[in-house]
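Number of protein chains: 2
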Amino acid sequence: MFSKSFVFLLIVLVFETKCDKEKVFDSSDCDLGSLVEEIASYDKRVKKIIDYTLSGPFKGKTYDELAKFVDKFGARPSGTLDLEQSIDYMIDLFHNEGLHEVITEEVEVPLWERGAEVLTMYEPRKKKMEILGLGKSVKTPLNGLTAEVVVISNFTQLEETPDEKIKGKIVLYVPIFTTYSETVVYRTQGAAKASAKGAVASLVRSIAPFSIDSPHTGSQTYSDGVEPIPAAAITLEDADLITRLYNRGETVKVQLIMYSTLETRVSRNTLVDLKGKESPEKLVIVSGHIDSWDVGQGAMDDGGGIFVSWAAPVILNRLNLIPRRTIRAILWTAEELGLIGVHAYKKAHEDESHNINFIMESDEGTFAPLGLVANGNHKTRCIVAEVLKLFQSINASTLIESDSPGSDISIFTGTGIPGASLHNDNGQYFWFHHTEGDTMNVETTENLDLGAAFWTAVAYIIADLSIDIPR
Amino acid sequence: MFSKSFVFLLIVLVFETKCDKEKVFDSSDCDLGSLVEEIASYDKRVKKIIDYTLSGPFKGKTYDELAKFVDKFGARPSGTLDLEQSIDYMIDLFHNEGLHEVITEEVEVPLWERGAEVLTMYEPRKKKMEILGLGKSVKTPLNGLTAEVVVISNFTQLEETPDEKIKGKIVLYVPIFTTYSETVVYRTQGAAKASAKGAVASLVRSIAPFSIDSPHTGSQTYSDGVEPIPAAAITLEDADLITRLYNRGETVKVQLIMYSTLETRVSRNTLVDLKGKESPEKLVIVSGHIDSWDVGQGAMDDGGGIFVSWAAPVILNRLNLIPRRTIRAILWTAEELGLIGVHAYKKAHEDESHNINFIMESDEGTFAPLGLVANGNHKTRCIVAEVLKLFQSINASTLIESDSPGSDISIFTGTGIPGASLHNDNGQYFWFHHTEGDTMNVETTENLDLGAAFWTAVAYIIADLSIDIPR
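Protein sequences appear in the order of chains Z and X.
Per UniProt numbering, the very first residue in the first sequence carries number 1; after that it's consecutive.
Per UniProt numbering, the very first residue in the second sequence carries number 1; after that it's consecutive.
So that you can see chain Z by itself, here it is in the shape it has in the complex (with noise of 0.2 Å):
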């Protein structure tokens, strides 16, 4: 019997380390026969779209239009009205592209508002820390909690430090980062196992290569049976200086102050169809999450992957290309919080799961599109690798292998239904990924008209093949 809490831990598990084992598909011994010469033949429909993308009509419009959207809404946090309105607006900016199939589904979403947070260090002196508490953390007492710090580096040591030495402290976790999925562990975890031995709150370096003192916020989960405790995250700079004089022997101590509310409010995932003429009922799903942290303007995450997503039935929509099955955009909602939306999604169309003929999505980033990670049995993976073959001129033409690719989508490829999501160059995405940073400096002109050329081309192919994806 699993209780709430541990299902939404392995959600969160799920979820946090979806980035692992990948590898580039070796496409040497397919051999998909006549489909070959098929999906060749979409070379001209393709250099359509991306013509008109990169150098036609709607070349800088994706741009444009997520400046407009983030600039008008910035930060869009799980159950806030500022994600209402812009959900409202973007159904709007369907309609008036012509795309009338828009229905809205409503989801029930946790609200977890930050007030206050501030971290002092007093002694050995005095410093004011930047901080962002982690999702749904509980507050520290009106007046903060002042106590000793204890810098661990890793789970080992929390478990081999015997509790006198943890207890009434508040614990640093200070990984260093190697891979986010690896690394991450101590953010969702870390409050959760340090409160089991004792500690009144928890700290983590952030979980990021690279920082100009700037926090990275995230989702972390509590232990059934164990007090929560305040968890935050602080700047790679900081918890690095902690650490030196914690090493020399000194006393750190610091006070904490944070302050939320976590309420439940209801949201609404977004669903547009741009109907397949041939077999309606069947889809290609392209989608991305509406939601953000409450930093930045989230317009790498995942304002980008709406984007290009919004632009997929837009520009086939404007260009008549309509395929053989639906392209339906998702817009989901709650990612953040541990893709509610999406969980609320898949109950609801339990009955049309076997239509899924292809789910993709975009949740890391749009800088340059190099290709797509993709599940899926061998022949799938074939078919998928001879698509991306047609994108060599823009160099998006890589098949990275993954059991279950996506944020949101792993739910669904995690079970076996063949999907992708975007593979593109974000070496750079963990610098500013759930901090102040996520803006539109991140974005650019020239990689969201290519991610938006790419990501809809793709969709067009796969809805319009004479055979499904196989499963």
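A couple of the hints might just be wrong.
Since the list gives no way to pick one copy over another, a pair counts as held whenever it fits inside one copy or between any two copies.
When the alpha-carbon atoms are kept at most 20 Å apart in a straight line, the in silico EDC-like pairs for lysine to aspartate or glutamate are as follows [stated by the list, open to error]: (1) K379 <-> D26; (2) K72 <-> E123; (3) K277 <-> E84; (4) K72 <-> E130; (5) K139 <-> D224; (6) K128 <-> E117; (7) K253 <-> E108; (8) K193 <-> D163; (9) K61 <-> D240; (10) K169 <-> E123; (11) K128 <-> E113.
Because the hints were derived from the structure by calculation, they are not lab data.
Given chain Z, put chain X in place with the hints provided.
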């Protein structure tokens, strides 16, 4: 007749444009005769210094001492007790190494202390924006200033804008960073020029090529006969957000609250002599400034500079390599608010300025050393280029020519006294400069070992050569 402000403005201009007109020196027509052989004969001593610092007892020492220093004191703004205590600490550090020829010289310096600084955009939507007031900025009224923003790209555009469009508004300068010297004028002169047109405050897009929502402070100066108005830097991200909103025809209204105090205090330049064994009156100066901005730790600007300059006499003393001339390490005070320490030194030591054989400064980062940026006549440059040939093993043999290298020392080098600043791999210098990101995270053990070895060996050779560096 020049007013005091005007002189200060000139100082700032000289200081801020120091990087202009640099090119790699061409040594093909150098003819140094027997000096070539003499310089080459230092190869064993150079190797000894490099080995001692990179793999011997001094390995890691420069980084460790710098870390202990900046971790203990943090930022060290001009006029503060922290700065004075950090000076005392450095004196002890020299004494502990058996260097007792240490004196300090008092200097009147400004103490500009930043209070609360809050910038909130109210229209077209509410957003709190990070700011950093600029040096010596006046404060706003207690309730702040609420006004519309006028976005200005350059001074020509400002001049061409009718006064009535500026009057009562807040000017935001949004120059795109090209080079520091080219772009920084909007920070140093922006408020004065905006005030002359009737603006009530002046904001500037941070003078930086990159940001993670990280504002950059720095000096600025008012003009005589013009009302001083509050002046602050905002982040690239927010400047670009406001610019996009403004260019879409939106009215952008902000509230700016700034508080600060300006007083006068006494600080000290610190002079440490490793006396020359033949001509102790003749000086080779190595230097950096001990004050910093009030953000970050001042580890890069200019902690690294003072610690490689600390290392030079320390390493030579440890290795008993005593040159003919005196090596003087100087820790300048109050560089950031206008080269105040060095001006006082120049005045106090006017009678021995003919004895400055060569003056060196590290104040543009201590990333991997690449060589020197030097002034001087042709023969001087030939000598320096010949000396640099001894550093091919550590890739630090490049000589860049400049008419007035350095920041503090430019008031010497600008008048023809030969000198050099550290040329280093500082392409990311302005990512961190004058921000909260100027911390130990920018520094590495390897780079500081390389920098200390290079700085020490160069100073030694020049101080020991059989001939003076020609003027």
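Right, here's what the structure says about each hint:
no.	hint	verdict
1	K379 <-> D26	within (12 Å within a copy, 62 Å between copies)
2	K72 <-> E123	between (42 Å within a copy, 11 Å between copies)
3	K277 <-> E84	neither (32 Å within a copy, 78 Å between copies)
4	K72 <-> E130	between (26 Å within a copy, 19 Å between copies)
5	K139 <-> D224	within (18 Å within a copy, 51 Å between copies)
6	K128 <-> E117	both (11 Å within a copy, 15 Å between copies)
7	K253 <-> E108	neither (40 Å within a copy, 36 Å between copies)
8	K193 <-> D163	within (11 Å within a copy, 62 Å between copies)
9	K61 <-> D240	between (42 Å within a copy, 18 Å between copies)
10	K169 <-> E123	within (14 Å within a copy, 44 Å between copies)
11	K128 <-> E113	between (22 Å within a copy, 16 Å between copies)
The structure shown violates the earlier hints numbered 3 and 7.
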